[in-house]
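> This is what each chain is made of:
2 protein chains.
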Amino acid sequence: MNNFEWHNPVRLVFGRGTIPRLRELVPPGVRVMIAWGGGSIRKNGVWEQVIQAMAGRDYTEFGGIEANPQYSTLMRAVAQARSEKSGFILAVGGGSVLDGAKFIAAALEYPGAEPWDIPEKHAKVEKAVPLGAVLTLPATGSEMNGNAVISRLETRQKLAFGSDKVMPVFSILDPETTYTLPARQTANGIVDTMVHVFEQYLTRDTGNPLNEGIAEAVLKTTIENGKKVFLSPGDYDIRANLMWSATMALNGLIGVNAAHDWTSHGIGHELTALYGLDHGQSLAVVAPNVLRHKRDAKGVMLARYARNVWDIGGGDAAKAAMAGVDRTVEFWNSIGVKTRLSEYGIDDRDFGFIAGRLCGADGKLGENGDIGREDVINILRLCI
Amino acid sequence: MNNFEWHNPVRLVFGRGTIPRLRELVPPGVRVMIAWGGGSIRKNGVWEQVIQAMAGRDYTEFGGIEANPQYSTLMRAVAQARSEKSGFILAVGGGSVLDGAKFIAAALEYPGAEPWDIPEKHAKVEKAVPLGAVLTLPATGSEMNGNAVISRLETRQKLAFGSDKVMPVFSILDPETTYTLPARQTANGIVDTMVHVFEQYLTRDTGNPLNEGIAEAVLKTTIENGKKVFLSPGDYDIRANLMWSATMALNGLIGVNAAHDWTSHGIGHELTALYGLDHGQSLAVVAPNVLRHKRDAKGVMLARYARNVWDIGGGDAAKAAMAGVDRTVEFWNSIGVKTRLSEYGIDDRDFGFIAGRLCGADGKLGENGDIGREDVINILRLCI
Chain A
731 MNNFEWHNPV RLVFGRGTIP RLRELVPPGV RVMIAWGGGS IRKNGVWEQV IQAMAGRDYT
791 EFGGIEANPQ YSTLMRAVAQ ARSEKSGFIL AVGGGSVLDG AKFIAAALEY PGAEPWDIPE
851 KHAKVEKAVP LGAVLTLPAT GSEMNGNAVI SRLETRQKLA FGSDKVMPVF SILDPETTYT
911 LPARQTANGI VDTMVHVFEQ YLTRDTGNPL NEGIAEAVLK TTIENGKKVF LSPGDYDIRA
971 NLMWSATMAL NGLIGVNAAH DWTSHGIGHE LTALYGLDHG QSLAVVAPNV LRHKRDAKGV
1031 MLARYARNVW DIGGGDAAKA AMAGVDRTVE FWNSIGVKTR LSEYGIDDRD FGFIAGRLCG
1091 ADGKLGENGD IGREDVINIL RLCI
Chain B
731 MNNFEWHNPV RLVFGRGTIP RLRELVPPGV RVMIAWGGGS IRKNGVWEQV IQAMAGRDYT
791 EFGGIEANPQ YSTLMRAVAQ ARSEKSGFIL AVGGGSVLDG AKFIAAALEY PGAEPWDIPE
851 KHAKVEKAVP LGAVLTLPAT GSEMNGNAVI SRLETRQKLA FGSDKVMPVF SILDPETTYT
911 LPARQTANGI VDTMVHVFEQ YLTRDTGNPL NEGIAEAVLK TTIENGKKVF LSPGDYDIRA
971 NLMWSATMAL NGLIGVNAAH DWTSHGIGHE LTALYGLDHG QSLAVVAPNV LRHKRDAKGV
1031 MLARYARNVW DIGGGDAAKA AMAGVDRTVE FWNSIGVKTR LSEYGIDDRD FGFIAGRLCG
1091 ADGKLGENGD IGREDVINIL RLCI
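As you go down the protein sequences, you meet chains A and B in turn.
So the first sequence is numbered by the working numbering: it starts at 731 and just counts up by one.
So the second sequence is numbered by the working numbering: it starts at 731 and just counts up by one.
It should be emphasised that the hints constitute simulated quantities derived from the structure, not laboratory data.
One should not assume that every hint holds.
If chains are identical, the list can't say which one is meant, so a pair holds when it fits in one copy or spans any two.
Dumping the calculated SDA-like pairs for lysine to any residue here, alpha-carbon to alpha-carbon at most 20 Å [what the hints assert, rightly or not]:
no.	residue 1	residue 2
1	Lys895	Pro757
2	Lys1094	Gln887
3	Lys957	Gly937
4	Lys851	Ser893
5	Lys957	Pro939
6	Lys773	Glu796
7	Lys857	Pro739
8	Lys815	Gly793
From just these sequences and the hints, can you work out the full model?
Set out below in structure tokens:
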């Protein structure tokens, strides 16, 4: 087992009727900017609950943070927060709103002239305005980590950054807020949760069976409830299990001393940036083929996944391993997520460009740092 | 699934060679009291590592905190810390030293005349001196929670208290420090870890399969490595897995929305207070019989435990459930822990006294609050 550090100070408040707890959780004596997204919270009652809990408090609002939050949008929020002297960002929405709020929080305290340096040049986040969250879409784990992914339309970039300075002080997760999610977003969230686990668990045996067991529990809970949620979108326990699993998939715990891959996310981000694929869709296309391409290096863990999550045993471990991947694809198809580029109308014309952006001169991806330009192209070919 | 809150800000630093990180983790500009126990750290090199890391820092020492830390000992430490103006407690040792340090930290800031009120009268801990830990014995989970158990010889009491104010700021866990543990302490730690899980997981189905999966992963990892550790006490991965499992068993995670029992701990504390049984020994005697006594109310989860942890299936769930308990007892016997009161020379003469202390007038124990005086006596009778 490798050495590790585990430190996650986010206060997670989980359950029905928890949004009013904003009253005690939002720090007093500070102007709050409530940041939200495309408007679904205005229709499903979440906005009203938040505004009611914030009654009598000093707050302003910034709406319109889009899926794959755009740098230009977020910089408008930064300008507004600066002029209004906001001292706390309250993100209300899904992973995109939370990621956007993290960028706003970091940009507000960034001493340089160009906050885009944070994702692009990995400029260190030394300080950030504190933030909290009300999560309405289980998927990204952003509610309990310090990661964010920001997009920039004019350069067709989608880049990540991470800092413990942008971990939410608190996150409120009320599964009832997810009852009205469109099926597509629910399905995308299921894929995203599973691939977050894959990127940490389906790498190599790190001698930490407890964490592998937790990863498997997240996957099994997500699959079992993911099979049921579309028939019973208003079932509290199903929604609660999906929401809690999504958080646990990427709050750092299962990754503390795993070998991290993130190839699927890297390639997936490019597909989103270039073609506008949903994040979950991009992962559903790429992840199975990263696993197939790396079937040998990932063989031990793939066989374990097939056995412990899908109950696929038998003597031939390599065959079982691939059957586990196939079963994953079948499951995603069964919940309405397409898993081939051609199904999204995408052909091979940009494969070289994507591989070049990801792998630069000699850059390599993956838990073993051995996925280069040619590998990315080969993986993408499998995706067609 | 019930509502829950999950907030654990302890910084856990895990792995070989991590004790020197005290240099950065202990806050600067404050006088540190290094608190330790019976002297094993003086023999196994841990004390030297700590002192070396603290070179050039302003620190004093308080040694001699015993197993089942005594109020009188801890109050001497409080007096010393007060006169020396210590502003940080660094606990170096096992759960007893950590628990003792938590009491010292809370007592130093306690405004009342009698800090014993904290465990006895549940006086609220509003403030505490900050503390950190170097853990040398995996068992209690004290390194990542705000709980402590303190004993008082003259009244033969062993009482618990809990507060997030006494959560360690950091805890360093180097599995190599556990290589030289006596077999008895290693075995006790294995029992303690497992019973911590039992008290949260073997209660009733709370509709949270992810947490139940984590609980099972802790149990399986503990059992699998517990079977090997006595043959290979210097195997790093075995020690690391036991240490990480012990932390995860009681850092709050698996208990976030479980139904909590703690009957075995309650009765066990009395056996320790009256007869000096090791904490692990007391649990090994009591826990199986709490489970047998509550076989009906705990039936669903007992059958699940038997199936998922011991691979005991079959048509008769009630029979499988009891077979799982029997297998647990066999395992503990196999690692040298006796599981009957008579094996420790204890008879039934104090059963009424114990039941009376635990259940007072009409007090009840257990996840369903239905274990009264007579039940405690019946459980103890099963323990003979």
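> If a hint holds in the structure, say so; if it doesn't, say that too.
Hint-by-hint comparison with the structure:
1. For the homomeric pair Lys895 and Pro757, the shortest alpha-carbon distances inside one copy (17 Å) and between copies (19 Å) are both at most 20 Å.
2. When the C-alpha separation of Lys1094 and Gln887 is checked against a cutoff of 20 Å, the pair qualifies only within one copy, where the shortest distance is 18 Å, while the shortest distance between copies is 61 Å.
3. Proximity of Lys957 and Gly937 under a CA criterion of 20 Å is satisfied inter-copy only: 16 Å between copies versus 31 Å inside one chain copy.
4. Taking identical chains as interchangeable, the C-alpha atoms of Lys851 and Ser893 lie at most 20 Å apart only when both belong to the same chain, with a minimum of 14 Å there against 42 Å between chains.
5. For a Cα distance limit of 20 Å, the shortest separation of Lys957 from Pro939 across copies, 15 Å, qualifies, whereas the shortest one inside one copy, 27 Å, does not.
6. In the homo-oligomer, the alpha carbons of Lys773 and Glu796 lie at most 20 Å apart inside one protomer (16 Å), although the nearest pairing across protomers, at 61 Å, exceeds that limit.
7. Taking CA atoms no more than 20 Å apart as the test, Lys857 paired with Pro739 passes in both settings, with 16 Å inside one copy and 19 Å between copies.
8. In this homomeric assembly, Lys815 and Gly793 come within 20 Å of each other (Cα to Cα) only inside a single copy, at 17 Å, whereas the closest approach across copies is 52 Å.
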